[in-house]
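Asks: Each chain, letter by letter, is given below.
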Amino acid sequence: MRFFEYEAREVVKRAGIPVTDYGFTTDAAEAREIAQRIDGPTVIKSQVLSGGRMKAGGVKFADTPEEAESHAREILQLEIAGHMPRGVLVDPKAEVEQEYYAGVVWDGIRKQPVMIFSPVGGIDIEQVAEEQPEKVGRRHFSNILPLSDFEAKEVIAATGVTGSALNKLVPIVKRLAQLFVENDMVLAEINPLGRLADGSFVALDAHMDIENEARGRHKKLLADLGVGDEETRQAREATPFELAGEEVDSQDHRGVAGNVTEFDGNLGLVIGAGGGSLTLFDAVRAHGGKPANYCEIGGNPSVSKTCGLAKLVLQKPGVEQIAVMMSIVSNTRVDIVARGVIKACLELGHDPGEKIAIFRIPGAWEEEGFKILEKYGVDYADRSVSLNEAARRAVEKIGGASA
Amino acid sequence: MRKDGTFIAVAVEDGAAADAELARKLTEACPVDIFAQGAGGELEIVQDNLDECVLCRLCLDASPPNTLSVIKLYDGDAVLA
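Chains A and B are the protein sequences, given in the same order. The first sequence lines up with residues 0 to 402 when you count with numbering that gives the first Met the number 0. The second sequence lines up with residues 0 to 80 when you count with numbering that gives the first Met the number 0.
Chain A extracted, bound-state conformation (with noise of 0.2 angstroms):
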């Protein structure tokens, strides 16, 4: 879940990171009292989830109070890429010497931390690393550990920082690997990182996204932001594909056959198991296949739950087949999920044989499931062949395989 900036400014600000003695509101009339207060010049930030502020509009420079409130009236009736502004962030204008970025990141396949430093900010730091990747400093860190003030030096001693500017980043960067590990998230950075004429650090601008299931465990973070349970805030609204998917799944209480994502491809999924579907969504996009959905069953779904789910995918414009694949189940019956997916083909009017690219799903009332699956003449496998393989057939089938 991501954090507004004036969210995330706070967060980096309880974590002893000295920010700007910025101002959030959602009133213009406020947004020149904090200007106000600024006593110089502000610049107004739009409060949007979404990138390119600066380009949209979104983000102005006052010299006055006035100013100020008359650039805050326009932001707050300017729509940014979909998205109405939460409220707009008056920040005094600081007198930058230097930008620099810091940033910590959850690396999924080393499953640590990294922390990421450049003494060139401002920019996206995948820009930086692509254009002078020498720049730009990297290193894991444990998340269990404690964390040593050598590990950030050593992070930002590596792209020439030294002296004064290398002991004053130090803390920063360590507290901002640290906030990342005590608040569970997925991306914390600091971008740009301001060194002032005095040689001190500010924070200019701050993203943070949070895993979302660990917002249980910050209620009180959460809380104190002013960020209510029902606020989701994805990246953007459900499509009707996605909210058919939530009906299907509402339909009865056995099991799960939904959180559909909606994609554009044209080999539609019908995935699950403890992790099954990630594991699968990954295989058969690596395989060079192009899902049309993700989704997600499990915990022994009914048959017409199974079937409504299916039928949505089997319309979904664009899908030519779909694929049925699960890691080995013991909650879910195989015969159940076999009679939903082969019974939506057939009310649909297709054959399951050919609509169905490959059903691969083994565990619990196999025998029964691949009996029903043989009548049919759908291409099944058992638990001999991978989840990997299953997905690379399935691809193959629909005629989009790699070599």
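Don't read these hints as lab results, they were simulated from the structure. Predicted, not measured: the structure shown is a model, and the values here were computed from it. A couple of the hints might just be wrong.
[What the hints assert, rightly or not] Computed cross-link-like contacts, DSSO-like style, restricted to lysine-lysine with a CA-CA straight-line distance of at most 30 angstroms: (1) A/Lys315 to A/Lys396; (2) A/Lys289 to A/Lys396; (3) A/Lys167 to A/Lys12; (4) A/Lys92 to A/Lys152; (5) A/Lys12 to A/Lys152; (6) A/Lys92 to A/Lys110; (7) A/Lys396 to A/Lys374; (8) A/Lys310 to B/Lys2; (9) A/Lys310 to B/Lys71; (10) B/Lys2 to A/Lys370; (11) A/Lys110 to A/Lys218; (12) A/Lys92 to A/Lys167; (13) B/Lys71 to A/Lys110; (14) A/Lys134 to A/Lys110; (15) A/Lys12 to A/Lys59; (16) A/Lys374 to B/Lys71; (17) A/Lys110 to A/Lys59; (18) A/Lys374 to B/Lys2.
Here the structure of chain A is known, so what remains is to put chain B in place on it, guided by the hints.
Replies: Only chain B this time, still in chain A's reference frame:
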């Protein structure tokens, strides 16, 4: 009385189907609501729920021998006994 779904069929002897007590028992026993009682207490088979049958045999246990059959249409009409 017999009703067929896509995968499962259920047949009940006509005499047994008229038995309100048996209808009550079956309605209570079936976990996926394949059975219901009509206005007069007689047994009804709910067509929409036939394919939800989980082959649990609770209906067979609740019925007198040879009065009720569950048929697996996908398995050569094998009868659950």
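Asks: Does each hint fit the structure? Answer for all of them.
Replies: Evaluation of the provided hints:
The suggested pairing of A/Lys315 with A/Lys396 holds, with an alpha-carbon distance near 19 angstroms, which does not exceed 30 angstroms. For the given pair, A/Lys289 sits about 12 angstroms from A/Lys396 by alpha-carbon distance, which is consistent with the 30 angstroms threshold. Using a Cα cut-off of 30 angstroms, the hinted pair A/Lys167 and A/Lys12 holds, with the two alpha carbons roughly 16 angstroms apart. For the given pair, A/Lys92 sits about 29 angstroms from A/Lys152 by alpha-carbon distance, which is consistent with the 30 angstroms threshold.
Pair hint A/Lys12 plus A/Lys152 holds up; C-alpha atoms about 21 angstroms apart against a cutoff of 30 angstroms. Simply put, A/Lys92 and A/Lys110 have alpha-carbon atoms about 39 angstroms apart, too far for the 30 angstroms limit, and the pair is violated. Taken as a hint, the A/Lys396 and A/Lys374 pair is honoured in the structure, with Cα atoms around 20 angstroms apart against an allowance of 30 angstroms. Proposed proximity of A/Lys310 and B/Lys2 is supported: the alpha carbons are some 24 angstroms apart, at most 30 angstroms.
For the proposed pair A/Lys310 and B/Lys71, the alpha carbon gap of about 23 angstroms is at most 30 angstroms, so the pair holds. Taking the CA atoms of B/Lys2 and A/Lys370, the gap is near 21 angstroms; set against the 30 angstroms cutoff, the hint holds. A threshold of 30 angstroms between alpha carbons decides the hint, and for A/Lys110 with A/Lys218 the separation of about 25 angstroms falls inside it, so the pair holds. For the suggested pair A/Lys92 and A/Lys167, the alpha carbons sit about 22 angstroms apart, so the restraint of at most 30 angstroms is met.
Simply put, B/Lys71 and A/Lys110 have alpha-carbon atoms about 48 angstroms apart, too far for the 30 angstroms limit, and the pair is violated. In summary, the hint linking A/Lys134 to A/Lys110 is supported, as the alpha carbons are separated by about 24 angstroms, within the 30 angstroms threshold. At roughly 23 angstroms between alpha-carbon atoms, A/Lys12 and A/Lys59 fall within 30 angstroms of each other, so this suggested pair holds. The hinted pair formed by A/Lys374 and B/Lys71 meets the criterion: a straight-line CA distance of about 12 angstroms does not exceed 30 angstroms.
Distance check on the hinted pair: A/Lys110 and A/Lys59 sit about 40 angstroms apart at the alpha-carbon level, beyond 30 angstroms; violated. This hinted pair checks out: A/Lys374 and B/Lys2 have alpha carbons roughly 20 angstroms apart, not beyond 30 angstroms.
Hints 6, 13 and 17 from the earlier list are contradicted by this structure; the remaining hints agree with it.
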